[in-house]
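Peer 1: One-letter residues, chain by chain:
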Amino acid sequence: MSRGSRRPSLLFWLVLPFMAFVTLLPYAWTFATSFKRRSDILSTPPTWIKDPSWFNYESMLFTRGFDLYLLNSVIIGVSSTLLALTVGTLAGYAFSRYKVPAGNHLFFYILATRLGPPIAYALPMYFLFSELGLLNTHLGVSIAHAAFNLVLVVWMMKTFFDEIPVELEEAASIDGCTAAQAFWRISLPLALPGLVTVAMFVFIFSWNEMLFALMLSAGDSNTLPVMIPSLIQHTGTLRGEVAAAAIVQTIPVIVFTFVAQRHLLRGLTFGAVKG
Amino acid sequence: MARIDIENIRKTFGGVVALHDVSLAIPDGAFVILVGPSGCGKTTLLRLLAGLEAASAGTIAIDGRDVTALPARERDVAMVFQNYALYPHMSVRRNMSFALELKKIPRAEIERRVDATADILGIGALLDRRPRQLSGGQRQRVALGRAIVREPAVFLFDEPLSNLDAKLRTSMRSELIKLHKRLNATIVYVTHDQVEAMTMGEIVVVMKDGVLLQSGAPLDIYRDPVNLFVAEFIGSPAMNFLKGNFDAGRGEAVVAEGRGRLRLDPALAGSLAEGRRVELIFGVRPEHLLAAPPPSGASAIDGLVEVVEPLGAETVVEMSLGTQSLTARLKGDLLPATGSVLTLHVEPKSVFVFDPADGARLRAV
Ligand SMILES: Nc1ncnc2c1ncn2[C@@H]1O[C@H](COP(=O)(O)OP(=O)(O)OP(=O)(O)O)[C@@H](O)[C@H]1O
Ligand SMILES: [Mg+2]
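Note that the protein sequences, when read in sequence, are chains W and R.
FYI, in the working numbering the residues of the first sequence are 73 to 347.
FYI, in the working numbering the residues of the second sequence are 1392 to 1756.
A couple of the hints might just be wrong.
As the list claims (entries may be wrong) - Now the stretches of chain R that chain W is said to cover, found in silico as 3 or more residues with beta-carbon under 8 angstroms:
| id | segment |
| --- | --- |
| 1 | 1424–1430 |
| 2 | 1485–1494 |
Unchecked claim - Residues from chain W that face chain R, not an exhaustive set, calculated with beta carbons under 10 angstroms:
| id | residue |
| --- | --- |
| 3 | Lys171 |
| 4 | Val172 |
| 5 | Asp247 |
| 6 | Ala251 |
Hints are computed from structural coordinates only; laboratory data are not their basis.
For clarity, every value in this text was computed on a predicted model and none was experimentally measured.
We put the beta carbon where it would ideally sit given N, CA and C, even for glycine.
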């Protein structure tokens, strides 16, 4: 990781605060709104938080039933991530280490699943899942998200495994490992930084995803992003609750970005396994 | 402890033939040295023995059991890789104990063996480090330790000392020899080092382009090489080769456009005369060139002294004979002047003869 050693230029100092301002202001405003009382939200002139309260969060979570949707988002995010990682890591490993029949074609075919417009898959998936009885279940949405994310996992994990010298597994097999043990005890731990990076991408994708979640689930299995628009009602928009839900929705993204920044960089510049 | 029987092993990578029908019987507990130029198939042979590579044809048996199709983990073989292949995410201690843990050996026993091995190799202070925190030489010793601690039936070493400094290399060499005596294990050891080739092993195997050219005791190969390649490869500085004609009438070779006359062993001269051989290549080892004529013959080679290297105990002289050159190892008290003409002698029994067409050694029949 070599950062440019040049000192940031004047232009940098002019542009950066401007960009940060433009990007962060709406978020800051949403944040402020989420703690405002209903009467203050649309007051003119606009006011900053006068009297912060958790009212919007409580209303959103408990009155509007978003506690369930939040839980759904977590369940679907975690299970689709686990599913995509399990299948994708094994597939990526196979592509990296074994001669897969028609391997190259297959590898690009997998990529093709991500090139089409999601809506083209959503409808057939709807019919398929309806036949299978997977509509309106956590499992259904998890499978859809995992399937859509598999490309990313397979491609990234293959590159991570490619970086790990085969000799390490050979040494392990001489030391007495079966192929599975060599994978589990040598290659997988070495690919862990990569795996964590991929996991974050996959989780965030599922967390933010709306189309599949909307099509394949209803009521009790809905996720947070699907339900936020429901707060815009014919009697008026529940601005405070929308803001609170939006803030809750962004928490994992922010946490992952900050807490895992180091890991993320390590995963992306993975390759220093030699020796 | 195991005998290894390699029979007609062949290995091809796509179109490349890496091993050509190699056969070799390694007795129980032997220390075998594998030498040959880069790309001759040494690593490939080790990998076949380890079970990391499948043979294209032929069989390998360890202790009479055919292991050709057996996976590496069932062969009780340890290998030190040319590039170490230490597990980067494990400490040195875990690198060494990994195989023992897989075998479910009791903790205390593992501790004892790891510590004892680390002591022998002088890496006791490094046990808690990760491989990336080690120097090249330290990694190499850890790689050795990982193999040694297992006390396997067969050790496979792929240039295990190549990254060590001269002093460490000498001490590691004697540690390995001691280890071999103690464990009585069969060792196959690849090296590029002449000293290691001559001193460490009981059997030297010389390979070239995937072909096993000769195997035998180091001194036997040194004294009796089967062809020009082996003669040149074993011994340092390398054997001198001079083109010349055989004069059947006088039983002599005339080399380097008449600058040298070499008297041949009568039996050898006899068979050369019988075969009507004329244009040949004559080989003389640098250490067999003598400053004073031996009582036995009238051989003499005149050369122009080009380079003199006084090493104290001996003096290495490089001479030119027209278009050809000659290296001699003379006694340390001889210091010929550069540019002078020097006449050297050689005993008839020290002259080797080779067929210029295929490099085959020609002997008395
Ligand atoms: N996996 C492979 N695929 C194709 N060719 C290979 C492969 N492994 C080895 N070879 C070829 O087989 C031949 C023997 O290689 P090998 O590694 O055994 O040589 P070596 O004697 O160990 O050389 P060095 O002294 O440089 O280590 C070489 O020509 C090499 O290019
Ligand atoms: Mg090699």
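Peer 1: Take the hints in turn and mark each one as holding or not.
Peer 2: Here is what the structure says about each hint:
Look at the segment 1424–1430 of chain R against chain W: 0 of its residues bring a Cβ nearer than 8 angstroms to a Cβ of that chain, fewer than three, so the hint is violated. Coverage of the segment 1485–1494 of chain R by chain W holds. Counting CB-CB distances below 8 angstroms, 4 residues qualify, and the rule asks for three or more. A least Cβ separation of about 13 angstroms between Lys171 of chain W and chain R goes past the 10 angstroms threshold, and the interface hint is therefore violated. Because the smallest distance between the Cβ of Val172 of chain W and any Cβ of chain R comes to about 19 angstroms, over 10 angstroms, the interface hint for this residue is violated.
About 4 angstroms separates the beta-carbon of Asp247 of chain W from the nearest beta-carbon of chain R, less than 10 angstroms, and the hint is met. Given the 10 angstroms rule on beta carbons, the hint for Ala251 of chain W holds: about 9 angstroms separates it from the nearest Cβ of chain R.
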